[in-house]
Amino acid sequence: MEKAVSLLKSFGLPRLIITGFLLALFVIAPFADINVGASLSDVLGRFGQNAIMVLAMVPMIHSGCGLNFGLPLGIISGLLGATMAIETGIQGPVSFLLAILYSTPFAIIFGWGYGKLLNRVKGSEMMIATYVGFSSVAFMSIMWLILPYKSPTMVWGYTGQGLRTTISTEGFYYHVLRDTLSLSIGSFSISFGEIIFFALFAFIIWAFLHTKTGTAMTAVGSNAVFARASGINIDKQRTLSVIMSTWLGALGILCYQQGYGFIQLYQGPMYMAMPAVSAILIGGASVNKATITNVIIGTILYQGIVSMTPSVMNNLIHTDMSEVLRIIVSNGMILYALTRKSGASR
Amino acid sequence: MKREINSKDVRNFLSNNIVPIIFIVLCAACFPVAGYSPEYLADQIITRIMRNSFLVLSLLIPIMAGMGLNFGMTLGAMAGQIGIIFITAWNVVGIPGLLLAAIIATPIAVLLGWFCGKMLNMARGREMITSYMISFFMNGVYQLVVLYGMGPVIPIHSDQVILPRGYGVRNTIDLLNVRKSIDNFWSIKLFADENGVGGINIPILTIILIALLCVVIIWFRKTKIGQDMRAVGQDMEVAREAGIKVERTRVLAIVISTVFAAYGMVIYLSNMGTLNTYNSHSQIGMFSIAALLVGGASVSKASIKNVFLGIVLFHLMFILTPQAGKNLIGQAQIGEFFRVFVSYGVITLALVLYEIRTRREKAESAKTLALSQMQEAQA
Amino acid sequence: MSSEMTKPLLEMKNVSKEYNGNPVLKDVNFTLGQGEVLGLVGENGAGKSTLMNILFGMDVIHQTGGYGGKVLIDGKEVKFTSPLDALKSGIGMVHQEFSLLPGFTAAENILLNREPQNRSVLSLVFGDRANTIDRKELQKQAIAAITKLGVELDPDMLVAEMPVGHKQFTEISREISKSAIRLLVLDEPTAVLTEKEAEMLLKAIRNLSAQGISVIFITHRLQEILDVCNKVIVMRDGRIVNELDAAKTSISEMAKLMVGREVATPDSEKQEARPISDKVVLSVKNLWVDMPGETVRDVNLEVHDGEILGIGGLAGQGKLGIPNGIMGLFPAGGKVVLNGSEIPLNNPRACLDSSLAFVSEDRRGVGLLLDESLEWNIAFPAMQIQNKFLKPYLGGLVKWRDQSGIKKVTDKYIEQLQIKCTSSKQKAKELSGGNQQKVCLAKAFALEPKLLFVSEPTRGIDIGAKALVLKALREYNRNFGVTIVMISSELEELRQCCDRIAIITDGAVSGILPASSPSEDFGILMVGKTAKEAM
Amino acid sequence: MIKGKTAKEIFDIRFFVRLGCIIVIIALAVFLYFFGKQRTLYVDNWSTEIDGKSYKAVDWAMVEVDDLGDQEYSPRQRRGIALRGTTHTIYITTEDDDFNEIVLDPVEFTLPADQSIISLPALVAGLPADKAIQEFIPEPSPVQASDTAAEEPAVDEFGDMSMDF
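Protein chains in written order, with this note's numbering: chain A, 198 to 543; chain B, 478 to 856; chain C, 2 to 536; chain D, 3 to 167.
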């Protein structure tokens, strides 16, 4: 009994409320003429699409760099990879591999620079990360206009210069993961491809955190002075974690695009960090502690609410307040994490 | 020896004022490319100083209290907008309308500022990111109120304001009734041709208002509360030991800033003439902060001088870049993206420079110790 | 000076105090007349600060069950509930750490939160804080306080630009400017001052005394006591050992009284003099360390193979800076040679690689991963430095933490050091101070170092744990031949454990003596150069 | 009572000054509301029927409300005038059948609603202002479906990047 209480406590009140809310939505759904099976598959689909971007939070939280508000930088690496892959004109699943391949060097270079920068501003990483993300998105907006892309699928038709705001991945890697190993029973369908893809990377991160370097990274996040006194090069660990986060961000956006079907350029990536940040916080992470479980629970809860509330609300009260509610819940969650006393001084 | 000191001074000056210098260079480079007449630019700049200085001035007080850049000023902007929505719905026009909007906005701004201040006291050491998230969070609440609450819960029934569906405020509201009513109340036109075309408009009343706020801020620095804020800003613990109520002082700083921001928003909107109900406030904080930083302010130090220099430089860039981009590459959009990039880049740069500078100051003490040992060894 | 038949300004009668059953003050009696300067000397932990806390009615005292005996002012018993209360009766204190705002001028700091104000109409609406500050009056009051103190201090100078001495004067002026100040307590005011500044301060104290303000002067510089005080109280182990007339005593007498205690150490625990090898393991030359509050200026030291070297000295003199500097935790310079090879400074990794280990005095800040398990805490440095507790998988492609190996070593140390915990998985923050200290030791032992720095191993832990920790250290030294450098503020502890003891004063070694030397000798070394001259 | 404070301490001069300030501000707000409120007055020159009596449209009239300038009215004309405050004066000049100009006495009136309509013929016929003026209820215009859709605000979490400042 006591254990149950402490378990509930560690689960946290906000999470409890959100879980309860989501469960209530699923209970109400049949009465609002909503197909539960289809909703569930929707939630799972969104999970597969978004989970890796949430996973991208983990390395930086572990090394004590705080929440990765600079995720847009990783996303930009992914976008560069994606556009370059399409530029080659190679179609089909290979283009997905190509995109990953192309985005990797960018992610490493950007992550390295970003990590170096964050090492010089210890203590206010989050604020600066936010603005690094914003500035890089704004900078790339200019670049999308002037980079010499040629592929007709991507370039504005009438001027022949500059990329479109949204580019379809149809014919390239649209649903490459979604359609592999998918299983449908009635209205319920599940794509094992996406889930296995996520599981693979989640496993890699989990395994990494068990190695010597991974242990060192966790120690840096837990108590940087201790780590330094134990002979760990803090800056190196932090930079490594930032590179990992950035690369996962790149992968995450590619995974998102294959499910969503479009590459969003220009201002698209600007605020993509916020949902990922609040998802991992909803999953039970704090500013300096996060686990893979937090990622999984958080993504399911967040995406569950995002996909369920609009339909249920629309059918019940014919008013779609869901977007506003989502804003309040997700930003409220971040605010809650930031103002908690236990959340160290980062 | 003397030259050495000089070169060091120059380097110090450069590194302390790097942001304004970059901007001056940038504007100087864009000016001939954009091809605007100086007269047009002067008129535009004056309009924009009138429009924005109140908003930017509202940022000064939290900086004084050591709470950094108040991204939560967006909350004040929301309060101002609610005031404006009400007077438009009631059809109260002209200067009385704006005054009434300000009166309505005040208690809302106080409440929001109090909430923000309390939150920031819970997140000591990371005020900026927290105030930033508060502005997002409150944006949600604002939308809930404005989009769903206005009409059924809050009795507003003006067709001009409310959507045809019966609740929620329209996307854009035309503020014809209060548009430029402060500016036009008493204004002088300089350098206009015989027909009164062109030239530079000088809105005297707005200038008086802004001057008044500057005086208030200068007076504020001299009051006991201003002194307390400076003390809290330097060292909370020392201030607490001396018996200053630190938490209360910090909350007050945010409340005052939020209220000024609300008034600033009322002035801004009356100058703009339209209210983008769901957008106007959200970027205001970002632009105001960027403008202040462009003027050479830092996270811990800002003055009235920074405000005006910042607005002038920032808006010169704002006006020049799209045109320069168009003339140079043939795409105005590049200029628009460029100015967004510059706004964000400037904030990033200023934050990073501030952090690095604080770090360097801390490292200084080790250097003096090494130096003294060296001197000892020599002796 | 105060030979009138009036009641003394301050009188303490049978004052005593206990913390959790441990008596820290016993039967303290003294009186202080108007305009008298009383010197208060004693080692760290002798009870000086507790006595002052009682006088000022600090919260620590109330929260731990109050005190016994009586404090009388003008012959009337008082019980202050807060320092503000004390201030109302005209008692002020200047602490060792400055409480000044760097961006304010001296005048602003002197009258911080007591600024004279111009009443303004707006205060009726916005409250008193809307009054503007009367700069002229502020200046006038500040100058008045400075003049009263009798020092040269520019009221318009920013604190950030001041030399240390002026900061101290600003602090004192602040206390003086408070209305009706009658008794001023100065806690080691000269510790940070240059000689010239210290002289000015002493002059100022005489000045105050002449104006009828009494002063309690806490210092470790005994010469200053002789220079300025009327009488001296020497405290040791919570008692006043003697009250001396400053005119008739000497530095060596005071020093003896300060440290000379007859401790009945059980024979089993006594350190018998044993032969120490002449081989120098570690030599330190011209070491400086920038550790705030514990600055090391110029330390030269040699550590012999297999010995336990104690480093003692009063707080703030720099003894803690030595290991922290060598191990690279604070910026340092100089030359450190271990077994003939020089160790690069400011590089913790290099130190650890060359088989040095360090148990920090800051357990919670530096010593432990509070949020992690004991296993992590104990195994972490050994894993990172020496690749222990790693298990290869996939033919050596990846190496994971060897959970069972980690558990084994943790359990070994839990048993060996008698760490009280629920399991090796318990989080470090859930343990008591003593057990946390044992975890820190285990962490260092797991590294199997050749030379171990142990900093304040017994700070803040109870007596039982203390003995255990010291025993563990001694055994470790005896059984494995590991050289240990132990830094402690408690001289007795060092004398029990160590072979030789170095005393640090003013950031430098003032002398090294065998542990068996009489404690007075250490006392004299502790109070620094002036003491040497007195001998 | 707030603890530790006597009634005297709470109700000191500052309390009353503050109370006064709040009252003044609220009074100011109320005053501004009425003074600054813009209402629309439709001056109407249609034939109409009030209290069972019918009035024929005036052939020609020159009308000035307050000092907002003269306006000429022909039959079946209706103009909206934006007015601030509640009490206003209307000056009417008309002509009789023989084209003689008649200057009517200025009529003072108060606006009964946000949108009011005043009948010119009734005024000319000498009906008191409070009878001649009525609340104006516009005919509801059908809402177009496409219009509604365009007006539906899209919730934007972070605002428009390229807005002006």
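Be a bit skeptical, because a hint or two may be false.
Here are the simulated DSS-like pairs of lysine-lysine, each with C-alpha atoms no more than 27 Å apart in a straight line [what the hints assert, rightly or not]: (1) A:486 / C:179; (2) A:486 / C:428; (3) C:430 / A:206; (4) A:409 / C:179; (5) B:699 / A:206; (6) B:699 / C:408; (7) A:206 / C:389; (8) A:486 / C:389; (9) A:206 / C:179; (10) A:409 / C:428.
Everything labelled a hint here was simulated from the structure, so no lab data went into it.
Restraint check for residue 699 of chain B with residue 408 of chain C, where alpha carbons must lie at most 27 Å apart:
violated (63 Å)
Residue 486 of chain A paired with residue 389 of chain C [C-alpha distance capped at 27 Å]:
holds (26 Å)
Hint consistency between residue 409 of chain A and residue 428 of chain C [alpha-carbon to alpha-carbon, up to 27 Å]
Satisfied, since the Cα-Cα distance of roughly 20 Å is no more than 27 Å.
Mind checking the alpha carbons of residue 486 of chain A and residue 428 of chain C for me, to see if they're no more than 27 Å apart?
The given pair, whose Cα atoms are some 14 Å apart, holds under the 27 Å limit.
Between residue 206 of chain A and residue 179 of chain C, is the straight-line Cα distance small enough, at 27 Å or below?
violated (50 Å)
Satisfaction of hint between residue 206 of chain A and residue 699 of chain B, Cα-Cα up to 27 Å:
violated (49 Å)
Straight-line Cα separation of residue 206 of chain A and residue 389 of chain C no greater than 27 Å?
violated (36 Å)
Does the structure keep residue 430 of chain C and residue 206 of chain A at a Cα separation of 27 Å or less?
holds (18 Å)
If you draw a straight line from the CA of residue 486 of chain A to the CA of residue 179 of chain C, is it 27 Å or shorter?
Violated - the C-alpha atoms of residue 179 of chain C and residue 486 of chain A are around 49 Å apart, more than 27 Å.
Please work out if residue 409 of chain A and residue 179 of chain C have their alpha carbons no farther apart than 27 Å.
At roughly 59 Å apart (the allowed maximum being 27 Å), residue 179 of chain C and residue 409 of chain A break the hint.
Comparing the model with each numbered hint stated earlier shows that hints 1, 4, 5, 6, 7 and 9 do not hold.
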